[in-house]
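Trainee: When you line the sequence shown up against our numbering, it's residues 936 to 1416, in that order.
Any given hint might turn out to be false.
[To be verified] The calculated lysine-lysine pairs, modelled on DSS-like cross-linking and capped at a C-alpha distance of 25 Å, are:
(1) Lys-1289 x Lys-1395
(2) Lys-1342 x Lys-1354
(3) Lys-1185 x Lys-1162
(4) Lys-1397 x Lys-1385
(5) Lys-1342 x Lys-1395
(6) Lys-1342 x Lys-1385
(7) Lys-1385 x Lys-1354
(8) Lys-1289 x Lys-1385
(9) Lys-1395 x Lys-1385
[Stated by the list, open to error] Pairwise CB distance ranges (calculated):
(10) Glu-1341 x Arg-1200: 55 to 61 Å
(11) Lys-1129 x Gln-1262: 29 to 35 Å
(12) Phe-945 x Arg-1037: 22 to 28 Å
(13) Asp-1173 x Pro-1402: 50 to 56 Å
(14) Ser-1297 x Glu-1343: 20 to 26 Å
(15) Ala-1344 x Gln-1262: 20 to 26 Å
(16) Thr-1234 x Pro-1402: 28 to 34 Å
(17) Pro-1351 x Asp-1130: 46 to 52 Å
(18) Asp-1173 x Gly-1212: 25 to 31 Å
In short, the hints are calculated from the structure, not lab data.
Glycine included, each C-beta is placed from N, C-alpha and C at the ideal position.
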Amino acid sequence: MAIAIENAEFTRDTAFARIKAIVGAKGWSTDSDTIAPYLTDQRGLFHGECALLVRPAATAEVAEVVKICARASIPIVPQGGNTGLVGAGIPDRSAVLISLGRMNQIREIDALDYTITVEAGCILADVQSTALSADRLFPLSLGAEGTCQIGGNLSTNAGGVNVLRYGNARELVLGLEVVLPDGRIWNGLKRLRKDNTGYDLKQLYIGGEGTLGIITAAVCKLFPNPKDIQTAFVALRDLDAALELLSRSKSASGDRVTSFELICRQPLASAIQFVHGVRDPLEEVYEEYALIEFSGASTNSGMQDAMESMLADAYETGEIVDATIAQSDAQRSELWRIREAVVEAQAFEGGSIKNDVSVPVSRVPAFIRQANSAITTLMPGARPVAFGHCGDGNIHYNIAQPIGMEKEAFIKEWGPITKTVYDIVVSLGGSFSAEHGVGQLKLAEMDRYKDVLELDMMRKLKDALDPAGIMNPGKMLAPRS
């Protein structure tokens, strides 16, 4: 329900009382045990506090809560599934934390229009399964899809394993519904593929990490559900062969390469050692591998012949030295399980300094070579863990601690190590954050590497849309000095 706010000044306690009345007994909490899971990020790097946890059930409730917070100058931190990796959804003690998890309705699916309209709290896997029930594909796919929420995915412009074919979250949205920092509701839930009537406002909020407003619903694109999926795990001649094979794959499949994942030996060896059920898919040990997937919309789209012919030609020219093709859905799952296990296994190696970076696709081999050399020179015994979405230039370049080194001592070197990696990335025309965002973790890098004019433009947008600075303060943009 909506409760009007009088023009008279009111205290913080009064504001909280009104918020509680708006969302009802199920929509708020100050209990420390209830709030605790919302206050620590997935990696355990950030630990926050909040004055009040609010769990609204409808957009109108979000709007009324924001109006009250704006009136009382109370900071607001929006949060989805809390699966982020840069601390963007972690509040401080003065903030109201707005969790969107109760807003989890699929408002509409239109198979003919190839669209699905979802509320921000919908779990990504549920969006995928709803699309599948209509024989459609929602292609956004990432490791946390069983718990992450679509609103958070859009607010961070999530990537994942299918970006090569379908694009980032930014490319998968037609329209948004957003609560602005003053509590007004922008209904931009259009399903249009073309709308050339001015600024594309939705793009301000996709990747905005909740700093300009709160995404409450979205119209997302759907695609034909693939019926012909071919998956291969190959050993590469070297890093440069990955680029040659990617180009060959695009041509052979008619540009229907869904995924092209690079996995170096160190992360694969850790997955085999530490994750139950993971085994080496090839008989010999190699240094670089690729996990490749083609997909066609119909059962007779020719993907099997395309994959087999492509690999035969690549073997003949020496781009690959070994390969296996999944012969069943179970085998396909086993190959993808390797990619998932690469992430899981790092926790067993001790300290890990993680970097989510991107460079132009053509410079991926140069980046890995330069970074490996620089890091092992800076810290002898450090173990580079390179893997990721080679097809779109996004490499997860993590560093495992030297064997025998104390974890705490290693983590203290986070600053020098990440600066070394980021300096190389930027020199190659890349980005220090490819798909994880900025949040709190990379505020210093924004000032160090971001163009001064770009930062000025971003701050002007922030000042214009959130002049009171209450919307997720201290994230993405450092406070003005």
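Trainee: If a hint holds in the structure, say so; if it doesn't, say that too.
Mentor: Verification of the supplied hints:
| no. | hint | verdict |
| --- | --- | --- |
| 1 | Lys-1289 x Lys-1395 | 31 Å, violated |
| 2 | Lys-1342 x Lys-1354 | 19 Å, holds |
| 3 | Lys-1185 x Lys-1162 | 19 Å, holds |
| 4 | Lys-1397 x Lys-1385 | 16 Å, holds |
| 5 | Lys-1342 x Lys-1395 | 41 Å, violated |
| 6 | Lys-1342 x Lys-1385 | 31 Å, violated |
| 7 | Lys-1385 x Lys-1354 | 14 Å, holds |
| 8 | Lys-1289 x Lys-1385 | 20 Å, holds |
| 9 | Lys-1395 x Lys-1385 | 15 Å, holds |
| 10 | Glu-1341 x Arg-1200: 55 to 61 Å | 26 Å, violated |
| 11 | Lys-1129 x Gln-1262: 29 to 35 Å | 43 Å, violated |
| 12 | Phe-945 x Arg-1037: 22 to 28 Å | 26 Å, holds |
| 13 | Asp-1173 x Pro-1402: 50 to 56 Å | 54 Å, holds |
| 14 | Ser-1297 x Glu-1343: 20 to 26 Å | 39 Å, violated |
| 15 | Ala-1344 x Gln-1262: 20 to 26 Å | 47 Å, violated |
| 16 | Thr-1234 x Pro-1402: 28 to 34 Å | 56 Å, violated |
| 17 | Pro-1351 x Asp-1130: 46 to 52 Å | 47 Å, holds |
| 18 | Asp-1173 x Gly-1212: 25 to 31 Å | 29 Å, holds |
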